[in-house]
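Trainee: The numbering used here puts the sequence shown at residues 88 to 777.
If you're looking for bench data, these hints aren't it; they were derived computationally from the structure.
Warning: the hint list may mix true and false statements.
Claimed, not checked - Derived CB-CB ranges, DEER-like:
{"no.": "1", "residue 1": "Asp595", "residue 2": "Gly715", "range": "55 to 61 Å"}
{"no.": "2", "residue 1": "Arg455", "residue 2": "Arg268", "range": "56 to 62 Å"}
{"no.": "3", "residue 1": "Glu498", "residue 2": "Phe355", "range": "29 to 35 Å"}
{"no.": "4", "residue 1": "Asp732", "residue 2": "Ile655", "range": "20 to 26 Å"}
{"no.": "5", "residue 1": "Arg545", "residue 2": "Val264", "range": "21 to 27 Å"}
{"no.": "6", "residue 1": "His363", "residue 2": "Arg303", "range": "19 to 25 Å"}
{"no.": "7", "residue 1": "Thr269", "residue 2": "Phe592", "range": "20 to 26 Å"}
{"no.": "8", "residue 1": "Pro357", "residue 2": "Thr287", "range": "31 to 37 Å"}
From the three backbone atoms N, C-alpha and C, an ideal C-beta is built for every residue, glycine too.
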Amino acid sequence: MSEERSKISLRSGGKRKARQPIKISGPILQDGSGPRGPSGPAVPDETPIPRPRPPPQSSAKTSDLVKRRYSTRFNALPNDFDPAANPVPALPSLDQYVQAQALERRAPPSRGGRSDSVGGGVAEIQVDVRALRDPDLVPEQYVAQILSDATEDQVRDYEEALKKLKHRVSTDLQQNVYQNRTQFIKISKEAEKLKSEMRTLKNLMAELKANTTALRAASHNADSSGLNGQMSTGLSRRDKRSSVADRTALWSAQMQALYKNVEGSQKFLPNTPGRHVVQDAGPWVELDNATYRSRRAMQIFLLNDHILIASRKKRKTDVPAAADSRVPMTKLVADRCWHLLDVEVVDMAGPSDSSSGRNKLADAIMVRGGGQNESFIYRTEKAEDPEKASLILNIRKQVEELRRNLQSEREATNKAKETINYFASRDPGLLQKTELLETLSDIKDMLIEVDGKKQNLRWVEGQMDELDIHIALQQIEPAVALIEKLKTLAYSLKNNAIAQDFISFKVDERRGRLAALVVRELVNTHNHQRKTEQNVSWLTRLGYEDRAREAYLSARSEIIQKRTRQCIFQGNLNNYIWEISFVYFTIIRNTVSCFQASFPPTMMSACVKWAKEEVDAFNAILARQLSGEKEESEVWTQCMETAKDHAAMLSEVDLDFRNLVGRNVKVADGVTNAPQGLGLNMGGAQAAAA
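Go ahead and model the full structure; you've got the sequences and the hints to work with.
Mentor: Below, the structure written as structure tokens:
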């Protein structure tokens, strides 16, 4: 309080210039009153008058205030000070601090901790995820370190926490795998779509380039692509339409005219589909390679895949046909023929000759290549004949067309191999279907109609990926619905046997996997009628109702054997027979009831047959247990009545097997028909009867 008072004095003194400093000569009482004088009453503080803030103090005034501050007395003792009292108060007990520290360490119940029991709880040991992620972790040493002082409850809680962490990590890992697979499939589809679009764009660009070249050639010489009068086919303009049939007839007529007018041409150019004459370049002259002198007259024919060189020879005068004026005096004989991709046609035009003013080879071309890598020079008969430019342009166009076709064939072959590798890698079972794989490789783009849209086989693969994801996630209903959709699609493709076989093969393989999954679930949950009805419904939609029936009845037989083995013979044969018969007929009744609700009525005969077999098994047990008793004795009669009373429960499901209960009990051979697992009860019953 004295320090607070001094601060007040310092502040008030700084604000007021005329106020006298207050000197404290006595102790300040802790009663909340104002300062007191040595003997007078308390003097209340003066209420300061609000005024503007004074300007900053000078250094002299500041030092004066500091001196006043240090002149205050702090060692004044209060009036009630007792020098005989204990100078230091007693310390509290440390037990409450230890207990408080333990409570702070313990996690609250809302954050994974658990509340203390009545007798005092223990703190839960938290799982350190960072420590478990350490690659150098030694599990034995780590567990021994953190559980060295742990109680049994703490160890159990720590084990449960580890199990929860393991389950959470496993779930996260599975979800990440499924998510990555989904993303990978989506990216693969996008890449395949982009690849198809790029291939389409490439084909369009090639067609644009070919059309541009053709238009340029047509602008230079509109009549360069036609044959001369000798090669005319006589077809009218109406017959030269651009349909496939008329074009094939035109090409065939051209080849027949070529065979007729050029002797020996059929030896070099056999008639094959699609082969036709592109240009008759007219008369040419073959030149010597060394001297460039004329050797003989030639004529050049350009086909879509070959170039034919024919020599012009005079007809013999002694031939009767030579006397006819309509027959020309010269004949054409095929001399050389090359494939366009095996030769190179070079324009020999160069700088003009200074003496003559014109280059001798201005109208010449060189054909270089072939099997022997020879070169031949040919020149037009007429100077500046436009046939040369037209021939060179058409040769380049046809070479480009051949290369494009060759590239398309290579791409088709690669695509076929890629198709085989694609389908085989995705479904190794297709490797056994060699005929189907070969057929798929031969067909480049097989399209099927799905909901009014054209889809290829890659769309089918996308549906199979979606089906695999449903099966992996055990989403039974979407998987069954998708299988039904694909089966309906395959059935509708009656005109496309290849696509039908392909889809059916893939659907059947996944249908079997899904059926195995549902059957396993049916066996595990056969005690629940609602789940059994759902599983049987799925198997019926998949076409495995027989498998569902066998699995369900087999599971019910196993549960009967399991429950009867749990019945222990304790000396009273009547009680033991009561337990056995109650187990048998109760399970039979429940099985028949569930079977009627789950399976179609046409399969009810199989369930009745199964119930009769189980009753026969019970009769074998009954005969074995009563083999030591006399017929019509009290124990024998009670056991038979008990069994028939329990057999009356089957009337609730419209079955009456009371006449079958106890049949052949007198026959001693019935003991051999009993199950081997129940032989222990027979010995106990015989010992009790003795």
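Trainee: Work down the list of hints and note, for each, if the structure agrees.
Mentor: Verification of the supplied hints:
Checked against the given bound of 55 to 61 Å, the beta carbons of Asp595 and Gly715, roughly 57 Å apart, stay inside it. The hinted window of 56 to 62 Å between Arg455 and Arg268 holds, with their beta carbons roughly 58 Å apart. Look at Glu498 against Phe355: about 30 Å separates their beta carbons, and that is inside 29 to 35 Å. For the pair Asp732 and Ile655, the supplied restraint of 20 to 26 Å holds, since their beta-carbon distance comes to about 22 Å.
The beta-carbon spacing between Arg545 and Val264, approximately 24 Å, falls within the hinted interval of 21 to 27 Å. The hinted window of 19 to 25 Å between His363 and Arg303 holds, with their beta carbons roughly 22 Å apart. Between Thr269 and Phe592 the Cβ separation comes to about 24 Å, which falls inside the hinted range of 20 to 26 Å. Our hint of 31 to 37 Å for Pro357 and Thr287 holds, since their Cβ atoms are close to 35 Å apart.
Violation of the numbered hints given earlier is absent; every hint is satisfied by the structure.
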